[in-house]
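Novice: Quick mapping for you: the protein sequence lines, in order, are chains A and B. Residue numbering for the first sequence follows this note's numbering, starting at 2 and increasing by one per position. Residue numbering for the second sequence follows this note's numbering, starting at 2 and increasing by one per position.
Be aware that one or more of the hints could be misleading.
Repeated chains share a single entry, so a pair holds when one copy, or any two copies, can fit it.
Unchecked claim - Keeping only pairs whose Cα atoms sit at most 30 angstroms apart, straight-line, the calculated DSSO-like set for lysine-lysine is:
| # | residue 1 | residue 2 |
| --- | --- | --- |
| 1 | Lys47 | Lys57 |
| 2 | Lys241 | Lys257 |
| 3 | Lys241 | Lys271 |
| 4 | Lys23 | Lys57 |
| 5 | Lys238 | Lys271 |
| 6 | Lys23 | Lys238 |
| 7 | Lys335 | Lys36 |
| 8 | Lys23 | Lys257 |
| 9 | Lys335 | Lys187 |
| 10 | Lys57 | Lys36 |
| 11 | Lys335 | Lys23 |
| 12 | Lys271 | Lys187 |
| 13 | Lys257 | Lys36 |
| 14 | Lys57 | Lys335 |
| 15 | Lys238 | Lys47 |
| 16 | Lys241 | Lys182 |
These are calculated hints, taken from the structure and not from any lab test.
2 protein chains.
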Amino acid sequence: MTIRLGVIGLGVVGAETLQTLKNHSNVIEERSGQKVEIIEVSARDKSRDRGFDVQKYLWRDDPIELATSQNIDVVVELVGGEDGVALEVAEAALKAGKHLVTANKAMIARHGARLAAIAESMNVTLAFEAAVAGGIPALKALKEGLAGNRINRVSGILNGTCNYIVTEMSETGRSFDDVLKEAQAKGYAEADPAFDIDGVDAAQKLSILAAIAFGGTPNFDSVDTSGVRYVTDLDIKFAKELGYQIRLIGVAERTKDGVMQRVSACMTPKAHPLARIDGVTNAVLIEGSPVGQSLLVGPGAGGGATASAVLGDIVDIASGRGARGFGEAASSLKELSVAPVSVRTGSFYIRVMVIDRPGVIAEMAAIFGKNGVSIESFLQHGRQPDEAVPVVMTTHDTNESTIRNVVEQLGALATVAETPILMRIESL
Amino acid sequence: MTIRLGVIGLGVVGAETLQTLKNHSNVIEERSGQKVEIIEVSARDKSRDRGFDVQKYLWRDDPIELATSQNIDVVVELVGGEDGVALEVAEAALKAGKHLVTANKAMIARHGARLAAIAESMNVTLAFEAAVAGGIPALKALKEGLAGNRINRVSGILNGTCNYIVTEMSETGRSFDDVLKEAQAKGYAEADPAFDIDGVDAAQKLSILAAIAFGGTPNFDSVDTSGVRYVTDLDIKFAKELGYQIRLIGVAERTKDGVMQRVSACMTPKAHPLARIDGVTNAVLIEGSPVGQSLLVGPGAGGGATASAVLGDIVDIASGRGARGFGEAASSLKELSVAPVSVRTGSFYIRVMVIDRPGVIAEMAAIFGKNGVSIESFLQHGRQPDEAVPVVMTTHDTNESTIRNVVEQLGALATVAETPILMRIESL
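Extracted from the complex, chain A is given alone in its bound form (with noise of 0.2 angstroms):
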């Protein structure tokens, strides 16, 4: 037997998946037992050189015919985006009982929960390990691998792009706006990269993650959510100081409240098994019981990882293995309850550019100490009297939302010149 594919959107990952196809066909079909063949694709200009020939495929202007075709068993949808013309194909595809391969991370985090209950519905398999960390097969490990665990936490390096900047920032001592624009320049950020070192892209993955460890449905809203644009060179000098890497860590965990969902730039030990995670890498943390610690390293993104995970999904379901997407019954999902980042308790790193007078510390001393939080460590170098220098503070154990009015506590007094950085600082 031979399983039809349709491949909507040529880009870089549909590209390599084509190629990687037409390579691997042998491999690919004595691990699937089928043949695996693509028939028909799909793109917005069918005249762009791609460096293969789309004549060997039937070219279909409109995405919908191809995601309904009889001619094909399953869709590959690599156009991208939360809604439009990607949700339409994923839909109609589902609808006419055609299994669906994606890589699309923003429509999963967002409508993931709708299309896996349509696809239970039509007994077709949705499957997307592409749209997380796609080197790693990391919701395969959760869903199948480890699914004895109770699973506990997961954290991780998810944006290959934020983390090759604070990499890159705490090898070189370079600025951020430096090493962003080298970033773009090498094409690991976008023109607008606003979608990646705002941590979006991280919480999006982050989201789904939390649904197929916890049994929930995605819930993209309730990450709390920051990136690394204001991560600076001098945090970076002091976090080394300090024995710490700085790192986007995304981190979903139970709590006794409900699940705790957080995306930020994190002081991270240097024997943390992140702070190790360098470059474009991305790496996902599982701690279940009685696992314990299960660690993924490899490429997050760029054609070859994608077309990796792609592939994985399209042999899962030549092979009759096709799973459920998250892991459970659509239907048995629940909506996970949220339990708000502010109720966490941890460590922080608060740096503060005070004018250099005395009295100074003992002001923010006391805001600290009226505050119930104790300082841990305290780091000012040289003196420069009547400007502006950085005092960095690192607490013990606190409430979230204690430190966050310590901050605006801090910032409010007249001899702090700017916004105080507040940074997680993960335990070990």
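Fit chain B to the given chain A structure using the hints.
Specialist: Just chain B now, kept in the frame of chain A:
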């Protein structure tokens, strides 16, 4: 529907598996879409206190009766050992049309291909994720998640005992014997540690990984195997000085001559992903196209990690997702063509104890020169005329058989006091 299990072998792993199935029954039912229940158990000694009540299950004194029981859908073999009871149980269960889940690496490395053929002929699943690095779903990643890739190389830290020993030696400067004794006291090493410290356990696991990665039958006999028994604190010290960590590494790779498999204590550059794996942790590094590198890290042994893998296999079977043990049809598994390690090219670390006399270095250098081996670095600390002192050399890339000749010739020198130490240097 209910999936009915029979468990043979109720040691640490068996007990943890039973306990986890009980504690996580709701998670497991949601993920597998079925109730999973233990119906029958068997072990050598019924009366032994295992911390739970075996009376809840039907006890079988004869494991073969369990393996062929009408009440059972899945047999879980946790006895261990290459042959004997484990193999009898495996064959009987598969031939009786039961799915078989096993943690038995020795049996799979030796008899896996034959068992897979029986399973296939009976249309049941043979599953052994727990046989290799239990806490890491590495076999699943190779067979399924990365199924679209052509795998070029699989390597890893596959034995926690060895890794604990070399990590501890490196961190404390203590001797091998000393650390081994401690490992035995902590339960990380067996009373007879040969199986672990001579690399046999790692070689069994490597041969299973290689079979899956390259679509062949496991060929344990062709793994060039040595262990950590001859790692000295002196070599650990030199390793540090040269920027290496000593790690017991297993490597299986495609070469133009066939598949090459080796397990040995290696000098591993500090920036190498496997150099950072400490203590009893295991790691599997998968290199393929188009994915690049994917690294999986986690606990390799112990009740929790092994039970996690066993349960993952059970959920797969209960979900109707039971895959083929080696990822391909048993009939399509080839006997892999074997490349002997003697044809390998790489760089090496050599330590020689030489009597410190004039002309000794020239004699040694001449041997390297005559064999066409170029020295990359040379270390000798201090001088002790007429006493044996350590001299360390690292080489540029050379051939394995050549360097073995060099070492033999060095050892034959009158001024060389002990058999020289030879270790592979892993390249980044």
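Novice: All hints are to be evaluated individually against the structure, with a verdict given for each.
Specialist: These are the hints, each one checked on the structure:
no. : hint             : in the structure
1   : Lys47 to Lys57   : within (13 angstroms within a copy, 66 angstroms between copies)
2   : Lys241 to Lys257 : neither (34 angstroms within a copy, 45 angstroms between copies)
3   : Lys241 to Lys271 : both (9 angstroms within a copy, 19 angstroms between copies)
4   : Lys23 to Lys57   : within (12 angstroms within a copy, 54 angstroms between copies)
5   : Lys238 to Lys271 : both (14 angstroms within a copy, 23 angstroms between copies)
6   : Lys23 to Lys238  : neither (48 angstroms within a copy, 50 angstroms between copies)
7   : Lys335 to Lys36  : between (37 angstroms within a copy, 19 angstroms between copies)
8   : Lys23 to Lys257  : between (50 angstroms within a copy, 22 angstroms between copies)
9   : Lys335 to Lys187 : neither (42 angstroms within a copy, 43 angstroms between copies)
10  : Lys57 to Lys36   : within (17 angstroms within a copy, 48 angstroms between copies)
11  : Lys335 to Lys23  : between (40 angstroms within a copy, 22 angstroms between copies)
12  : Lys271 to Lys187 : both (27 angstroms within a copy, 27 angstroms between copies)
13  : Lys257 to Lys36  : between (49 angstroms within a copy, 27 angstroms between copies)
14  : Lys57 to Lys335  : neither (45 angstroms within a copy, 33 angstroms between copies)
15  : Lys238 to Lys47  : neither (50 angstroms within a copy, 62 angstroms between copies)
16  : Lys241 to Lys182 : within (23 angstroms within a copy, 38 angstroms between copies)
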